[in-house]
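Put together the whole structure using the sequences plus the hints.
Protein chains: 2
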Amino acid sequence: MTEKFFNLDEEKQARIINAAMKEFSDHGYAQASTNEMVKQAGISKGLLFHYFKNKQGLYLFLYDYAMQKMLAEMEASMDWAERDLFMMYRRIVEVKFRLCRVYPDMFNFLKVANTADTNEATPELQRRNEQLISKWYERMYRNVDYSLFKEGVDVQRVIHVLRWTMEGFSYTQLEHMKKLSLEELDLDAMMVEIDQYLELLKQAFYRS
Amino acid sequence: MTEKFFNLDEEKQARIINAAMKEFSDHGYAQASTNEMVKQAGISKGLLFHYFKNKQGLYLFLYDYAMQKMLAEMEASMDWAERDLFMMYRRIVEVKFRLCRVYPDMFNFLKVANTADTNEATPELQRRNEQLISKWYERMYRNVDYSLFKEGVDVQRVIHVLRWTMEGFSYTQLEHMKKLSLEELDLDAMMVEIDQYLELLKQAFYRS
DNA sequence: CTGTAGTTGACCACTTTGGTCAACAGCTTG
DNA sequence: CAAGCTGTTGACCAAAGTGGTCAACTACAG
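Chains as they are written, first to last, in the UniProt record's numbering: chain L, 1 to 208; chain Y, 1 to 208.
There's no promise every hint is true.
Since the list can't tell identical chains apart, any single copy or any two copies may satisfy a pair.
To be verified - The calculated lysine to aspartate or glutamate pairs, modelled on EDC-like cross-linking and capped at a C-alpha distance of 20 Å, are: (1) 178 to 75; (2) 4 to 75; (3) 202 to 154; (4) 96 to 26; (5) 96 to 130; (6) 150 to 188; (7) 45 to 79; (8) 45 to 75; (9) 111 to 175; (10) 202 to 130.
No wet-lab data here; the hints were simulated from the structure.
Below is the structure:
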């Protein structure tokens, strides 16, 4: 079913994928409107159902597609020998931003797909990928050198602060980007800014 | 119109308010369903429109009500002479949690109401309250003693880290609460946890 | 018994839903 | 030119859902 879809003009593929992911992540599975998707993608109603037999089929396809793209990008960008926790997170944010340039709503889509009550459509898919993700986390943390931290700091809590900072920063950035000038986000400038935060936190929590 | 509503059984008032706020904050103004609200509140369709002439009337009422409740709670709980930025934020989180016990979705409601594209229903209300909020922020930061920070740390960035940490923490807490045991959130235990994070950050960024 | 206040849910006209399908355009073959 | 093939359209469908109304019900007071 999907081979035909992949023979399409790539730009059209992207338009369809992005429109559908946006609609699903904005409204959840049930409330997402296929009418709205085709309108935003600039295609006809019939075409969508020509390539995907169902709303559910489309959803499942998107879920798999997003998951695969993300894991591939991770595989390509991560350095699994990295010992510095902060640099590890730096890489993750980089992956995120790079993906957002092509698929602006992929992360939101995956987030709501993995958490929300939408999961009637993805019972076992869910669990399979949950396992996959936890394996990646394990792999990420395996080599981290915790002896770099100052004595007495609670590393678990620092990790939380770090994650919330990264998430908070990227959320505001993407929000800002979507509002004003879409697509032309300056990845380099963002990474410079991210580095400032990482430096701040490093100096706060690493031994000097 | 609203006097009649306030004569209702208080528990019923709360049921209606919470159901409506949840629906609005979950789906936005246009997509929110009055049918779903009355179902969740356990009242009949007619009753809702007996107390509020309109969907829009209901929305406006909720917006004003939430705003007023929040400001009142702030007025009661904040200490405007506080000079410690971290303690200031501690108070804010406390207000937030206390309100969430009675109105679990009030913050989400206000957040989407103030940001989202929903604002067709609230053009001037919006601006009035934006001004109000910025006044409160100004009042908050007026007395803060920035000399407490270590030399060389970028205070603006620290403030961001602090805010993202508070938001991240309360988000996970409320998520966790909603999933497992609703309503019986242990405010004291949460504040103990918050204090741990605040202590961590204080030791990181304040002069010793 | 009457009046009043609170409450119901069947009902309305209207929109939107996911999904179908006959028809069409553009292209390569013979 | 015709025949076939692929990609594409949008009018159309039954079904569900929309915001909102209203005659009728209950329950209690005078």
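Verification of the supplied hints:
In this assembly of identical chains, residue 178 and residue 75 lie within 20 Å of each other by CA distance neither inside one copy nor across copies; the values are 27 Å within and 35 Å between. Proximity of residue 4 and residue 75 under a CA criterion of 20 Å is satisfied in neither setting, with 27 Å inside one chain copy and 62 Å between copies. For the identical chains of this complex, residue 202 and residue 154 are neighbours both inside a copy (14 Å) and across copies (13 Å), given an alpha-carbon limit of 20 Å. Taking the closest pair of Cα atoms, residue 96 and residue 26 come within 20 Å of each other only inside a single copy of the chain (19 Å); across copies the shortest separation is 25 Å, beyond that limit.
In this assembly of identical chains, the alpha carbons of residue 96 and residue 130 lie at most 20 Å apart only when taken from the same copy (19 Å versus 32 Å across copies). Proximity of residue 150 to residue 188 under the C-alpha cut-off of 20 Å is found in neither arrangement, the shortest distances being 30 Å within a copy and 29 Å between copies. For the identical chains of this complex, residue 45 and residue 79 are neighbours neither inside a copy (43 Å) nor across copies (58 Å), given an alpha-carbon limit of 20 Å. Taking the closest pair of Cα atoms, residue 45 and residue 75 never come within 20 Å of each other, the shortest separation being 36 Å inside a single copy and 53 Å across copies.
With identical chains, the CA atoms of residue 111 and residue 175 are at most 20 Å apart both within one copy (16 Å) and between copies (14 Å). In the homo-oligomer, the alpha carbons of residue 202 and residue 130 never lie at most 20 Å apart, since the shortest distance is 30 Å inside one protomer and 36 Å across protomers.
Of the numbered hints stated above, those contradicted by the structure are hints 1, 2, 6, 7, 8, 10, listed in ascending order.
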